[in-house]
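J.: Take a look at the letters that make up each chain.
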Amino acid sequence: MTWLIAWAATLGLGVVQAPRAAAEVEDDLRDGDKQFENGDWHKAATAYDRAIAKAPGQVSAEAYGKRAAVFIILKDYQGGLDFLARAKARFPNAPEVLEQEALILWETDRKEEAIKVAEVVVAKRPQAFTNQKLIGEFYASRDPMKTAPAYEQYLANRPGDLEAGDVLPRIRLGLAYLALARLAIGDGDEPQAQRLFGKAAEQFDLVQHKFGRKPNAQVNAENGLCAALTGMGQFDQAVTVCERVTESPNRVDSTGSAWFNLATAYLARKQTKKARTAGTEFTHLRKTEARGYTLLGDTFFAERDWTAALDQYQRAEKLVKPNQPHEQIQLSIRMGKTYRRLPAPPSGQSGPSGQSGGNPNLTLAIDKLSSAFGANPGSIELALELGSAYLDARQDAKATALIDRLLAGAELARASPETRGSVLVLAGKALFNQHKLKEARQRFEAARELRPGDITIQRSLVVTINEQAFEADKEPKAAQALLEQALALDPQSPVTITNLAVLAIDRGECDGARQQLGKLESIRGHDTVVRTRLLARSYLCGTHPDPKKAMEAYAIAEREAKKANAALALAEIYTEWAPLGWDSDPNDAVEKLELAVQTSAQEPSVAPAAKRNLAIALFRRGWRAMREGKATEAAADFEKALRDASVLRSTEPLAFEFSYALALLDAGRATEAARLFKGLAAKGNQGGYLKGGYARFGSQLFAAYASYRNGTLAARHEAAAELAKLVQESELGDKIKDLLAACWESIAVDQWRGGQPGAAGRSLATAEKYATGDARRRITMDRAALALGKNSLDTIEGLAGNPPESLVNLGILYDQLGRPRDAYDAWTRAKARGVQTRDLQRWIDTKKRIYGY
Amino acid sequence: MQTKLLTILCAAAMQWGLAGVAAAEPAEPTQKITIGLYAPTVEFGAAQARLAYVQGLAKAVEQATGIKTFAQSYANVAALKKDGVDFAIIDGVCYATNLQWKLVASANIGGGTTRPWALYSSVGETMAALKGKKLAFIATGCNDAGFIDNAMLESEVDPAFFGARSGKPDLTAAIAEVASYKAAQAVFAPVGAAKGLTKVFDTGAVPNPAFVDTSGKLPAGIVDKVAASVIGYGGSGAIAGWTKPSHEIYAALASRLGKLTKSAILANAEPVRIDAKDALIEPPTLKDTALVDVHHHFVRPSGGRME
Chain A
0 MTWLIAWAAT LGLGVVQAPR AAAEVEDDLR DGDKQFENGD WHKAATAYDR
50 AIAKAPGQVS AEAYGKRAAV FIILKDYQGG LDFLARAKAR FPNAPEVLEQ
100 EALILWETDR KEEAIKVAEV VVAKRPQAFT NQKLIGEFYA SRDPMKTAPA
150 YEQYLANRPG DLEAGDVLPR IRLGLAYLAL ARLAIGDGDE PQAQRLFGKA
200 AEQFDLVQHK FGRKPNAQVN AENGLCAALT GMGQFDQAVT VCERVTESPN
250 RVDSTGSAWF NLATAYLARK QTKKARTAGT EFTHLRKTEA RGYTLLGDTF
300 FAERDWTAAL DQYQRAEKLV KPNQPHEQIQ LSIRMGKTYR RLPAPPSGQS
350 GPSGQSGGNP NLTLAIDKLS SAFGANPGSI ELALELGSAY LDARQDAKAT
400 ALIDRLLAGA ELARASPETR GSVLVLAGKA LFNQHKLKEA RQRFEAAREL
450 RPGDITIQRS LVVTINEQAF EADKEPKAAQ ALLEQALALD PQSPVTITNL
500 AVLAIDRGEC DGARQQLGKL ESIRGHDTVV RTRLLARSYL CGTHPDPKKA
550 MEAYAIAERE AKKANAALAL AEIYTEWAPL GWDSDPNDAV EKLELAVQTS
600 AQEPSVAPAA KRNLAIALFR RGWRAMREGK ATEAAADFEK ALRDASVLRS
650 TEPLAFEFSY ALALLDAGRA TEAARLFKGL AAKGNQGGYL KGGYARFGSQ
700 LFAAYASYRN GTLAARHEAA AELAKLVQES ELGDKIKDLL AACWESIAVD
750 QWRGGQPGAA GRSLATAEKY ATGDARRRIT MDRAALALGK NSLDTIEGLA
800 GNPPESLVNL GILYDQLGRP RDAYDAWTRA KARGVQTRDL QRWIDTKKRI
850 YGY
Chain B
0 MQTKLLTILC AAAMQWGLAG VAAAEPAEPT QKITIGLYAP TVEFGAAQAR
50 LAYVQGLAKA VEQATGIKTF AQSYANVAAL KKDGVDFAII DGVCYATNLQ
100 WKLVASANIG GGTTRPWALY SSVGETMAAL KGKKLAFIAT GCNDAGFIDN
150 AMLESEVDPA FFGARSGKPD LTAAIAEVAS YKAAQAVFAP VGAAKGLTKV
200 FDTGAVPNPA FVDTSGKLPA GIVDKVAASV IGYGGSGAIA GWTKPSHEIY
250 AALASRLGKL TKSAILANAE PVRIDAKDAL IEPPTLKDTA LVDVHHHFVR
300 PSGGRME
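Just so you know, the sequences run in chain order A and B.
Quick note: the first sequence, position 467, residue 466 per numbering that gives the first Met the number 0, numbers continuous.
Quick note: the second sequence, position 155, residue 154 per numbering that gives the first Met the number 0, numbers continuous.
It is worth saying that the hints were derived from the structure and are not from the lab.
On a predicted model such as this, the values are computed, not experimentally measured, just so you know.
Hints are supplied without guarantee of correctness; some may be wrong.
Claimed, not checked - Label-pair restraints from in silico Cβ distances: (1) B:Asp-287 - A:Gly-732: 27 to 35 Å; (2) A:Arg-626 - B:Ala-159: 49 to 57 Å; (3) A:Glu-417 - B:Ser-301: 21 to 29 Å.
To be verified - For the chain B half of the interface with chain A, some residues (derived, Cβ under 10 Å), not all of them: (4) Val-122; (5) Glu-124; (6) Glu-155; (7) Leu-279; (8) Pro-282; (9) Thr-284; (10) His-294.
Think of the CB as a built atom: it goes at the ideal place given N, C-alpha and C, for glycine as much as any other residue.
Extracted from the complex, chain A is given alone in its bound form (with noise of 0.2 Å):
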């Protein structure tokens, strides 16, 4: 009644606008409006009818919207609408009249009604606030649309004294723009969305502080605040509102929208399980919704508990409504999100696999983006998280068909610089991944005009220019004019400036990849183990190589490289340190390139080097062990130089078969020996690897030559006579000479231990006849050891311990003169010498033992 009668006053006099035409009807609506100021509703009715009465004519809209008013006030709503009818066959159309009937149909219940005339009111006259504010009490659960504008007018144009009954109508209001707020998000208007949260802070705050103590005006206001603060993103006012609503239970609102809106404050602040906790109580409360699910979903997707995130994102699938297209979309590119990031399964749990790569999981992500984008082909972010979908997939071509559409579409030219800067950056990206990085480029630099400070942009931008320096890598020329374009762009890319110093090096202009790599060890993010590692290399190239440098530069890279854990580069620094060293230690050489072959074995930029530089050290160190007399790593040496001939060049394969083959007859391997020897002969080319004779008599030489190693008896009397048959053969100097002694002599030997004295004889002087230096003194003993006597005395001491075996003989010859001290000696000293006899320790043990020596 109140209201009416603030009604009734803001219509002012019903008389302001009647004709002049009768005085007593003027008289009479006077009466009735001081009535009706009076209170006294009876008098104010009679006094309205009688002028009604009158003259019909004469009274205005205003008037019969009094008198209708009277009947509200009294509660007379059907004689109201009987009045209204006769009054709307005058003023049909009146918002005077039309105003009153809204309000009785509103308190007769014929609310909807009562809406469709209160619309034709507030049309014609905003200002009607009555009706305003049925509008808005009628959609405040239907449209805040229509509740929003409503309540406004309201508010702007109640009188004074109705300032006490604005709990509700802003508490509605503040309600109807926070759903609005959410409808300009799904429509991705932020800043209006900010906006409207702005203004539902206003009018709780407004309730909050000057209706607090009003009954439920404290509440309402805190559980929008709650959800406004959230709104606007400011986290840790909204935690505080919503702890303060949560506290107690009756505090929250039958939405529970509290619970929610705290969770989401938690989660924006990181505190997951905080906001878990809180999104369950909300998922309690309100069980058939999917946004409380969606929520615990991202609490999870938070935590990197993509499972856990999935399978929430598929409760509230199942929970979403049709009619809630962006929670839909919202819910797919979640789950989108949480498919590409979950591993794929184990081989062997199949799943669907389609084209992204056999990780099923990639394909449902696809599947639930694209199903999602064809329900809402103008939603962007859905694109832009598809089109990322389909680049994890290796789904360029589908990428750049999905981003060029929307280049093409309307939609995205009213996107913001920042998502148009995105879907630009996921198109260069498909772009580079199919190799046209031409195009990619102009994308990117179209995405760095939009977003100029991005950096990640730039990045981007920089590696395209670099790939497209490596594509021109025929053209050196070419390739460092881009490089300097990319440098150009970000003068400080490790990227770029690595680029450069590897081209550099390729081109053989070292110093100028030193000076490059020298920049790039100030710049934060380089790869330190590939810079050291190519400034080692810096110095084994140009004009002026220094390996000496070179050596200390790989010992540096090797620290990093072993610091960083990365084989693969140690590989190639032992595959270029070791030959430096070689010759100092070979031991450690090939002990690194062992390494580097064994790491690098499926690298083929890397194994064929550290293979051939391993074959090479071994032959080295063979050659070496050959030297020192140590036949049997010689010849494991040799052997695994061989295994990879691939590796080898030129005469490489036979020089090394050759060496391998004299290693093996001095290990005592003179039947394989023998073999490798046939195996050059057929082989030819001897003159590639073997000096003058060698090459010339080489087959016939070395069959005799592993012969004559061989051991046996009747191999060695085959050698004897084809080492005869090259005797005179000058190119081979005195070597066939001394072969022929020495195997004479090894066949004397034989000969002896087969108990045939007299055939060692021969033998001995066959030998002789050849023999020069230490040979011919073991002849000399050989000879008298055959028939070893006082006789024999001269002879062996003349020898003077040499060969040492003379000693032996000489210490049985004092034994049997009856010299046993001169014996020992004798026999001491051929220990002492090397000699090894089968009882020449057990002879001077017993000389000792009996003679006390």
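Take the given structure of chain A and dock chain B to it, following the hints.
T.: Relative to chain A, chain B alone:
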């Protein structure tokens, strides 16, 4: 019917019995067993003790076999052989030179079947001091020279090293020749046996006396009984007891009795090697060590892709 069958069986049995008697020579039961003793290296001390020992053993054999057993001690191995005794206790070296006899048991002296021997001197502890001096030895008649020159001196000492050699009937006499009578300056004796003399060097182990079946004529069952009674004979004094036969120790001594001759050796024929420097042309490409192509360090997105 039953009566007839019984008659046939009885007749057959009588025929088999007659045949059995006719097939065998009439066995002449062993009337007596004789045991001889010749062990001059064992320190019995006196001849009576020597005889008493062998008689005690004979008594034990007699008790075990139930056959009258006689014992006799001999002054040399030839006399023992001549008497044709059934069994003999004989010195290790004598068994080593008569390995055809069947070994029944080995004597246990000092806890073992062999004893370490050494050369003992009355003129100092060096071999040099004994040069030209007289060597006393137990003249067993069982290859004494082989025993001294080869087994004891290991063929390492010139036979003329000692000025003279003096053979004695037993160990006690040999030691006394050096230690008491000073008629000789050196003697080979079991370690610990030559009191008052200086050990010059250890010569190795010599097996103790053997109990041998010298006749080979007694039935195996009796020989087994004799062996069992000998091994079970404890006794005391010079021979502590007997153990199961250990043939290899006597065979080892027999192998040491021969002279060891040292053979001359020929020089190791040093193989003539063909030096690589002489024959091989080092491939010029060896200096072309490989460098890793640095091109792969060109920084590119992983897999050539941007994600």
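J.: With reference to the structure, classify each hint as holding or not holding.
T.: Each hint, compared with the structure:
no.	hint	in the structure
1	B:Asp-287 - A:Gly-732: 27 to 35 Å	holds, 32 Å
2	A:Arg-626 - B:Ala-159: 49 to 57 Å	holds, 53 Å
3	A:Glu-417 - B:Ser-301: 21 to 29 Å	holds, 27 Å
4	Val-122	violated, 14 Å
5	Glu-124	holds, 8 Å
6	Glu-155	holds, 5 Å
7	Leu-279	holds, 6 Å
8	Pro-282	holds, 5 Å
9	Thr-284	holds, 4 Å
10	His-294	holds, 6 Å
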